[in-house]
Amino acid sequence: MTAFIVKRVLSLIPILFIMSVIVFLIIYLIPGDPARVMLGDGADEATIQQLRANMGLDQPLILQYGQWMGSALQGDLGDSYFLKKSVSAVIGEHLQPTLSLALLAELIAIAIALPFGIWAAVNRGGWADKALTAYTLLGITIPGFLLSMFLVLLFAVQLKWLPVSGYAPISDGLWNFLKFLILPGVSVGVVMSSVIARIVRSSFLEVMNQGYVKTARSKGLRERSIVYKHILRNALIPILTVIGGTFGTLLAGAAVVESIFNIPGLGQLLVHSVSRRDYTVIQGLVLFIAFTYVLVNLVVDLLYAVVDPRIRLNK
Amino acid sequence: MPEELLLEVKALRTYFHTARGKLAAVDGVSFDVKRGEIVGVVGESGCGKSVTAQSVLRLLDEKHDVSYEGEIRFAGSNLLELKQRQMREIRGNEIAMIFQDPLSSLNPVYTIGEQIIEAIMLHQKIRRKEAVRKAIELLRLTGIPSPEQRVWEYPHQLSGGMRQRVMIAIALACEPQLLIADEPTTALDVTIQAQMMELITELNRKLAMSVLLITHDLGVVAETCQRVVVMYLGQVVEMADVASLFARPLHPYTIGLMGAIPRMDSDRTQDLQAIEGSVPSLLNVPSGCRFAPRCAYADEQCRQHMPELKRDAASGTMVRCWHAGTLAEAFEATEAAIATETSEAAERAEEKGGVQHAIYP
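Sequences listed follow chains A and B, in order.
For what it's worth, this note's numbering labels the leading residue of the first sequence as 297, then goes sequentially.
For what it's worth, this note's numbering labels the leading residue of the second sequence as 55, then goes sequentially.
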């Protein structure tokens, strides 16, 4: 198991390197000179050259990458030109809302998808199964922002149970923290749950036909033990994959939902940075998002090995 | 009491509910298994032998696909009338089952020990420590080397033969009175097949455990069973004790199956005989005798009317064929002819300088 973990972690190094090169080059693939764009049309040539020199844009590309990567490895992603703060600090400020929203939404999604998917698979063809088909179809076709609007209209505007928008950190108390997150969490979670529930159902149906399920039944086990002990663990690999995928996406910041609910998360930060051409922030943020995505996938990979001994021992 | 009936299947019908209607995969099957006896159920793929076996334990999906008719009497009660809760007490405890493919019959994510212990602790009130010891004992009994280490290995670390031994260990966990073995050797190679059948017959003798052996291999039946049920398209076509079946097979299907066994004493240049065609689908069951379309001896009567399962006066065999008596005599005549022919051929070969040389010049 230790060898497996070490191998997996080491295999990330080339991936992270290639990723960083691509992120770095993105800036140079965007047409226009960053310094010129940042200063606007009215800037004179001397100021532009000054900024170029400050940003290191006058140096050879490979040197620029080396400097950027070197400080990135030490946690320094440069400074934001507009916010006059270090990029790491800016990301740090916006991370907590995004992380909170992602965790809550994922928990809601799993809490809906797992029992619903299992229930549908066990009663395949029955009304539970049909209900799931209808639910997932709705979940996939209704856009997240529309669902958000409906939820706000009902629970915030009509019933006034929850605030319309905003965010409070967890240090303001659990309820204050949660009340802002419930509506966005539910609207993202419901959409995600329909994706996950489909996988749960199909994965379960596949495993239910396996020989060892018949063996379990022939031992005299109850249906419940068969489902939760013998089927669930075998069906878990594709389910983990899709949970990891949705969680990775959420960590990148649910830009639309964050905008609707005015949550100062990474999605909003990215949208704002792009619109104000804050290159260092864009670069640092994209690198950070890519890094978390890789990290989530690593965790999923390690969980595979926990679930299935064949993966642990083979590679 | 060797003559006591343990399992009695009476007019069993197992229906599958499909989009094209209700199909009887098992259509009025009756047979019994006595205490300590090995009974073989033989037939081609699709003849309903596996469905019969799974019907006994009611493993088929009754919620969606399947309904039963008839009676399955085991130790006094009709299994088809039991509630699922009562059925669970019987499964694994009184009647255990092993399956065709040991590769997929064991759960890949649990150790084999865990899977044996689960079966033990489900039906017996013993502590886990005790169950672990018992699991190791069972592995030893089924011939697994160094069971103390093997018990914590995963199925993928074992060979196919070993996995089938583990399956048998699981089946034996609660000392069942009846073991249903559904083609236990089909997925294994020939040498392992022989070992496995040896193990099953040995356990049958040692533990006085009855065995219902489902197979398509009459050779295996000849070596291990006391009685045999031959099935074709959901029906019993012949039922006899093994000695009389092999001495005097009555049904043309049985005769055909025997022709399909490779024999050591036959002429190797001759092609293996096979029964023409394949088992028809349940969607178009032939009227009249179900075997008639593939039978070389079928006449108008066979095509029009279904024969009943009747007792043959000479041997006591039960058979479902209009021409049972006459065919048996023809079979005996050809057998005798083959016997003399092969012995003459052997003599001729001897003169030419050895059998091997004669066959591969």
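Since the hints were derived computationally from the structure, they do not count as laboratory data.
Note that the structure is a prediction, hence the values are computed from the model and not measured.
Hints are not guaranteed to be accurate.
[What the hints assert, rightly or not] Result set (BS3-like, lysine-lysine): computed pairs, CA atoms no more than 25 angstroms apart in a straight line:
#1 Lys137/B <-> Lys76/B
#2 Lys179/B <-> Lys426/A
#3 Lys525/A <-> Lys183/B
#4 Lys117/B <-> Lys137/B
#5 Lys525/A <-> Lys137/B
#6 Lys117/B <-> Lys88/B
#7 Lys525/A <-> Lys76/B
#8 Lys188/B <-> Lys525/A
#9 Lys183/B <-> Lys137/B
#10 Lys64/B <-> Lys188/B
#11 Lys179/B <-> Lys137/B
#12 Lys188/B <-> Lys260/B
#13 Lys188/B <-> Lys137/B
#14 Lys64/B <-> Lys364/B
#15 Lys76/B <-> Lys260/B
#16 Lys137/B <-> Lys64/B
#17 Lys76/B <-> Lys88/B
#18 Lys456/A <-> Lys475/A
#19 Lys525/A <-> Lys88/B
#20 Lys426/A <-> Lys76/B
Now the hints, each set against the structure:
no.: 1; hint: Lys137/B <-> Lys76/B; result: 23 angstroms, holds
no.: 2; hint: Lys179/B <-> Lys426/A; result: 42 angstroms, violated
no.: 3; hint: Lys525/A <-> Lys183/B; result: 21 angstroms, holds
no.: 4; hint: Lys117/B <-> Lys137/B; result: 13 angstroms, holds
no.: 5; hint: Lys525/A <-> Lys137/B; result: 23 angstroms, holds
no.: 6; hint: Lys117/B <-> Lys88/B; result: 31 angstroms, violated
no.: 7; hint: Lys525/A <-> Lys76/B; result: 33 angstroms, violated
no.: 8; hint: Lys188/B <-> Lys525/A; result: 22 angstroms, holds
no.: 9; hint: Lys183/B <-> Lys137/B; result: 32 angstroms, violated
no.: 10; hint: Lys64/B <-> Lys188/B; result: 36 angstroms, violated
no.: 11; hint: Lys179/B <-> Lys137/B; result: 22 angstroms, holds
no.: 12; hint: Lys188/B <-> Lys260/B; result: 17 angstroms, holds
no.: 13; hint: Lys188/B <-> Lys137/B; result: 30 angstroms, violated
no.: 14; hint: Lys64/B <-> Lys364/B; result: 16 angstroms, holds
no.: 15; hint: Lys76/B <-> Lys260/B; result: 43 angstroms, violated
no.: 16; hint: Lys137/B <-> Lys64/B; result: 19 angstroms, holds
no.: 17; hint: Lys76/B <-> Lys88/B; result: 32 angstroms, violated
no.: 18; hint: Lys456/A <-> Lys475/A; result: 11 angstroms, holds
no.: 19; hint: Lys525/A <-> Lys88/B; result: 36 angstroms, violated
no.: 20; hint: Lys426/A <-> Lys76/B; result: 24 angstroms, holds
Of the numbered hints stated above, those contradicted by the structure are hints 2, 6, 7, 9, 10, 13, 15, 17, 19, listed in ascending order.
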